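Using the sequences provided together with the hints, build the complete structure.
From first to last, the protein sequence lines are chains A and B.
Per the numbering used here, the first sequence starts with residue 1, numbered consecutively.
Per the numbering used here, the second sequence starts with residue 1, numbered consecutively.
Think of the hints as simulated: they come from the structure by calculation, not from any bench.
This one's a predicted model, so the numbers in the text were calculated from it and none came from an experiment.
From the three backbone atoms N, C-alpha and C, an ideal C-beta is built for every residue, glycine too.
Please note that a few of the clues may not be correct.
[What the hints assert, rightly or not] Here are the in silico distance ranges between beta carbons for each label pair:
{"no.": "1", "chain 1": "B", "residue 1": "Gln126", "chain 2": "A", "residue 2": "Glu578", "range": "43 to 49 Å"}
{"no.": "2", "chain 1": "A", "residue 1": "Gly708", "chain 2": "B", "residue 2": "Pro85", "range": "52 to 58 Å"}
{"no.": "3", "chain 1": "A", "residue 1": "His747", "chain 2": "B", "residue 2": "Glu76", "range": "51 to 57 Å"}
{"no.": "4", "chain 1": "A", "residue 1": "Ser634", "chain 2": "B", "residue 2": "Glu76", "range": "29 to 35 Å"}
{"no.": "5", "chain 1": "A", "residue 1": "Pro723", "chain 2": "B", "residue 2": "Glu76", "range": "50 to 56 Å"}
{"no.": "6", "chain 1": "A", "residue 1": "Glu764", "chain 2": "B", "residue 2": "Glu76", "range": "47 to 53 Å"}
{"no.": "7", "chain 1": "A", "residue 1": "Arg490", "chain 2": "B", "residue 2": "Lys223", "range": "48 to 54 Å"}
{"no.": "8", "chain 1": "B", "residue 1": "Thr213", "chain 2": "A", "residue 2": "His503", "range": "55 to 61 Å"}
{"no.": "9", "chain 1": "A", "residue 1": "Asp614", "chain 2": "B", "residue 2": "Lys223", "range": "34 to 40 Å"}
{"no.": "10", "chain 1": "B", "residue 1": "Thr213", "chain 2": "A", "residue 2": "Arg537", "range": "50 to 56 Å"}
{"no.": "11", "chain 1": "B", "residue 1": "Ser27", "chain 2": "A", "residue 2": "Thr619", "range": "30 to 36 Å"}
{"no.": "12", "chain 1": "B", "residue 1": "Thr213", "chain 2": "A", "residue 2": "Asp653", "range": "16 to 22 Å"}
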Amino acid sequence: MAAARDAGLTPALAADSAAAHDAPSSGFANTGSSVLPQTFDADERGIVAARWLGWRRRALVVLALLGCVGLFTLLRTLSGSPHIDAGWRTNATGQMVLDSAGDANLRAHIGETFVGVVLADGRLLPPEVLLARRSPRWVVDDTLREQQLAHGAAYASALRDGSVMLKFAESAAPVEVRTAVRGYAGLGSVFWLMTALALVFYLTGAVVVLVQPDERNLLFGLTAAAQTTHLLLIGLDTLPGFEFPAQLAPLDLWLRVSCDVVTGAASVHALSVYPRRLPYQGLIAVTSWAVGIGFIATVAFNPVPRLWWWTQGLQLSYFAAGWLLLVWSYRLTPHPMAIVMRRLSLAVLAILLLLTLTVALSQGNADVQRFAAGPGSLIWYVFQASALMLVPFLSRSQQVMREFTLLAGISAVATSLDLLFVAVMPMSQFTSHTLALFLALGLYAGARQWMLNLLMGSNMLTTERMFEGLYRTAREIETSAGDHTEHFARLLGELFEPLELGHTTRSSSSTRVVGDGSTMLVPLPRLPGVADELQPRGSLVLRFARRGRRMFTREDARLTDRVLEQMVRAVAFDRAVEQGRNEERARIAQDLHDDIGARLLTLMYKAQSPEMEDYLRHTLQDLKTLTRGLAASSHLLSHAGAEWKADITQRLDAAHCELDWSFDFDRDINLSVVQWSALTRMLRELINNVIVHARASRVSVSAHYQRGRFVLLVSDDGAGRRPDTWAHGLGLGGIRKRVKLLGGEVHWRENGTRGISCEIRVPELGDRA
Amino acid sequence: MAVKVLIVEDNPVARSFLCRVVRESFSDTLTITEAGDLESARRQINLTGGAQGLHGVDPFRLVLVDLELPDGNGMELLAELSQYPATKIVTTLYSDDDHLFPALQRGADGYLLKEDRFEVLVEELQKIVRGQPPLSPAIARRLLNHFRDSQRGELPDSGFSRPAELVTSRPVPIEKTPDHERLTPRENEVLTYLSKGFTIKEIANLMGIKWFTVNDHIKSIYKKLNVSSRAEAAVLATKQGLV
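In structure tokens, the structure reads:
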């Protein structure tokens with residue numbers, strides 16, 4: 001008992017405290033459409049949390065106590081009920097043999113084959129009848145069911161008289177056995193297990209209802225109550241021996257049918273308001289309840305012909321309707337919860353259908369039918385109950401979902417295979433169980449990934465792509481100025497492919513999942529080395545992951561936090577690297593300039609001839625261009641143009657040469673260091689040629705930049721002619737080399753009657769190309 | 001009486017070259033004092049009445065300062081000589097505004113690029129002494145930015161957008177900017193043309209004024225830069241509790 005209580009309370013309290021800190025935990029708690037306002041109430045909710053928690057915790061304790069008291073009463077009644085204290089086993093031919101006995105009369109017959117119970121009116125109840133009497137709910141044939149009920153009643157009244165006559169094949173006269181009190185030990189291990197499960201389920205229902213007592217959660221509570229009752233009834237089935245509590249026997253069938261119908265009707269009603277409130281919701285709910293209550297009332301007051309068929313049909317229709325509602329709901333609003341629940345309901349529906357078909361088809365075969373109606377239905381009920389119980393926790397953790405998926409998959413496959421083997425092939429039960437188990441395990445191992453993907457939506461994008469996105473975004477943040485929110489949005493968009501991606505000014509300390517996994521709130525991190533006014537602010541709101549096919553889980557929130565943390569680290573690292581590189585370049589430039597520059601200058605002053613002096617001056621200027629290029633990262637075309645003009649003007653002035661300058665551009669671009677230094681040095685070389693070799697009196701320089709195309713034309717009226725005959729020395733070779741570097745071409749031609757013109761065309765001089 | 005000239009330059013070859021340039025530039029009788037580092041330069045200046053030039057009977061009239069010296073940066077000397085009644089010229093290999101602009105802020109009257117030809121240097125030196133300091137497009141841009149920052153919000157936008165990479169985080173002064181820190185619209189216009197690579201002659205044509213008027217504007221800009229920088233330094237010193 002204590003163990004059962006502990007097992008029941010632990011998850012319940014965990015869920016309770018989680019619910020208090022976070023968004024409501026219940027599966028039916030939220031609609032997708034009202035996610036955001038509720039989310040933003042979270043802070044205020046924290047303030048009133050203590051008050052909020054107070055009465056709920058007390059109510060939960062009261063409900064738990066009530067549950068335990070009820071259970072204890074049931075246990076007391078059961079343990080006090082009359083009972084034949086005997087143990088049975090099956091012999092090789094499938095007959096029942098007495099194995100052990102508490103009664104002295106009976107002990108003499110240990111090892112004898114049991115034939116049946118002799119009633120007061122002389123009728124004999126064979127063991128098949130006694131055993132099959134259990135769960136009349138799953139007896140297909142109406143007359144058979146009536147018989148069973150009658151036999152059960154007769155046996156129960158015999159028990160009540162205080163002694164029962166048992167007949168054994170080996171002895172002619174029936175043995176009179178006095179009934180004993182069952183006692184707690186006589187309840188059997190399976191019964192305790194089912195009771196514990198029922199208690200857990202009862203408490204889960206109570207917690208969900210208490211967290212937020214609204215329509216959806218009350219429906220969940222109702223379903224939970226129905227399932228709890230049903231589990232307890234199933235637990236009674238598993239009591240050892242033939243006895244069934246006499247007090248419950250007349251109600252048993254009706255209770256079971258009611259539980260099934262109430263579960264179905266409540267599910268349909270709940271699905272009409274969750275994940276979203278559907279159109280004609282009222283009509284759907286009323287119809288489902290009207291049908292259900294009508295059916296229950298009919299069963300209660302008149303015998304219904306073909307009861308099993310009706311019940312199964314109604315139950316199947318309820319689940320099918322629930323599935324259809326979910327399909328519809330997903331079409332209207334792609335809430336990921338709808339998809340998960342749709343798959344779950346499909347699994348439940350399929351297993352129920354399979355079970356129904358097996359039971360229906362095996363009507364001629366008593367063995368198979370007993371197996372299908374007994375353990376088969378037991379598995380189905382446990383599966384259905386645990387599926388329902390897990391619904392509120394589906395959005396909490398991917399782990400729970402994964403485990404449940406595996407459980408469901410394994411049991412579904414094993415059961416169906418087992419039923420198939422037993423029904424179709426002439427195999428003994430043990431062989432078929434073993435075979436089915438192994439086949440199921442094999443299938444499970446093979447299809448695990450596929451199943452996981454199917455049930456949970458496709459898995460996350462590969463780690464590789466994630467890293468790629470991470471570093472690309474880090475680089476983008478590094479290179480671009482301004483608001484970085486869009487970069488984060490893009491990264492998260494690629495990561496989760498949400499249907500909606502928004503921004504809100506509200507902020508929180510860490511990423512949170514709200515709205516039952518439909519929405520994730522990601523607070524934007526502070527970036528290192530970014531001015532305060534440029535820091536991204538607020539949070540990103542991601543809704544409906546994977547285009548609404550996947551739920552956000554806590555793992556996703558944790559992953560997002562890690563990703564953003566790494567991202568901030570990557571940005572900081574990039575910045576450090578970039579800064580280090582700049583410092584290093586500046587230092588090299590400084591060293592080059594100071595040391596080599598000073599030496600070249602000394603050499604220039606000491607030059608023996610003007611040619612040598614010019615050569616050294618030229619070298620020195622190249623060095624300066626180089627070091628400046630190293631120190632700066634980029635130059636605007638307009639600034640470069642202004643400097644070229646000032647430089648050329650000064651040099652031509654000194655050489656008493658006129659300059660016609662024209663420079664125009666349609667767009668001011670950032671020249672890269674390479675482009676800037678190539679153009680600067682080419683232009684200097686060309687002007688140098690004009691001054692030194694051509695000794696011109698007038699030079700015209702025109703530069704145009706139109707739609708990415710750069711054209712430079714330098715013409716003089718000097719002495720140079722026949723450019724095709726020129727020896728290409730260092731100067732001209734350097735120009736050719738640099739033009740090639742820029743991806744352009746250069747041509748020299750005679751300029752009218754005097755001089756030379758040189759044209760440089762660079763077809764694509766783009767931004768930082 | 002001989003005109004006294006001080007040349008502060010550590011490279012002896014360059015020093016003698018600059019001596020030749022100075023002698024070539026002026027027809028007066030010159031007394032050239034050479035100094036190889038900041039220390040000897042200071043000693044020489046003290047001999048003529050100290051850095052303030054108050055007691056000096058016969059101070060230096062022209063000082064050429066190299067920026068890279070063995071015992072420090074020529075800027076230090078320029079800062080000390082801010083009140084010294086001489087034409088102060090920076091001689092350097094660095095032609096970029098990052099190096100030259102601070103020198104101009106510290107009161108340099110002009111700059112000479114050491115790798116220029118002898119004739120070019122002579123001409124430039126004469127121009128500076130006559131009051132026609134050079135102003136490269138890059139430095140003009142820096143100047144525009146400097147003054148726009150200190151008078152942001154007071155003048156209507158001149159229509160020239162500020163270059164993106166020159167944005168600084170200098171705080172906007174709250175009180176009204178004193179006159180000596182503001183440029184007249186004409187000066188602003190001249191600076192803008194200079195920053196676009198126009199020569200003084202071209203600017204005179206464009207603005208419809210005489211070239212020496214353009215030159216006066218440039219001189220005035222130089223002076224304002226010096227004064228505003230000194231005022232700024234004083235404010236900074238007061239804030240830091242140094243004065």
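Q. Should the hint that Asp614 (chain A) and Lys223 (chain B) are 34 to 40 Å apart at their CB atoms be regarded as holding?
A. holds, 37 Å
Q.
Quick check on a hinted range of 55 to 61 Å for Thr213 (chain B) and His503 (chain A), using CB atoms only.
A. holds, 56 Å
Q) Arg490 (chain A) and Lys223 (chain B), beta-carbon distance inside 48 to 54 Å? A) holds, 53 Å
Q. At the C-beta level, are Gly708 (chain A) and Pro85 (chain B) separated by a distance inside 52 to 58 Å?
A. holds, 55 Å
Q.
I want to verify a distance hint. Is the separation of the beta carbons of Pro723 (chain A) and Glu76 (chain B) within 50 to 56 Å?
A. holds, 52 Å
Q. Do the Cβ positions of Ser27 (chain B) and Thr619 (chain A) conform to the proposed distance bound of 30 to 36 Å?
A. holds, 34 Å
Q) CB of Thr213 (chain B) to CB of Asp653 (chain A), is that within 16 to 22 Å? A) At 20 Å between Cβs, range holds.
Q.
Assuming the hint says 43 to 49 Å, is it satisfied by the Cβ distance from Gln126 (chain B) to Glu578 (chain A) or not?
A. Holds, since Gln126 (chain B) and Glu578 (chain A) (Cβ atoms, about 46 Å apart) stay within the stated range.
Q: Please test the hint of 47 to 53 Å on the beta carbon pair from Glu764 (chain A) and Glu76 (chain B).
A: Distance hint for Glu764 (chain A), Glu76 (chain B) holds at roughly 48 Å.
Q) Does the Cβ distance between His747 (chain A) and Glu76 (chain B) fall inside 51 to 57 Å? A) holds, 52 Å
(Q) A range of 50 to 56 Å was offered for this pair. Does it hold for the Cβ distance of Thr213 (chain B) and Arg537 (chain A)? (A) holds, 52 Å
Q) Ser634 (chain A) and Glu76 (chain B), beta-carbon distance inside 29 to 35 Å? A) holds, 32 Å
Checked against the numbered hints listed earlier, the structure breaks none of them; every hint is satisfied.
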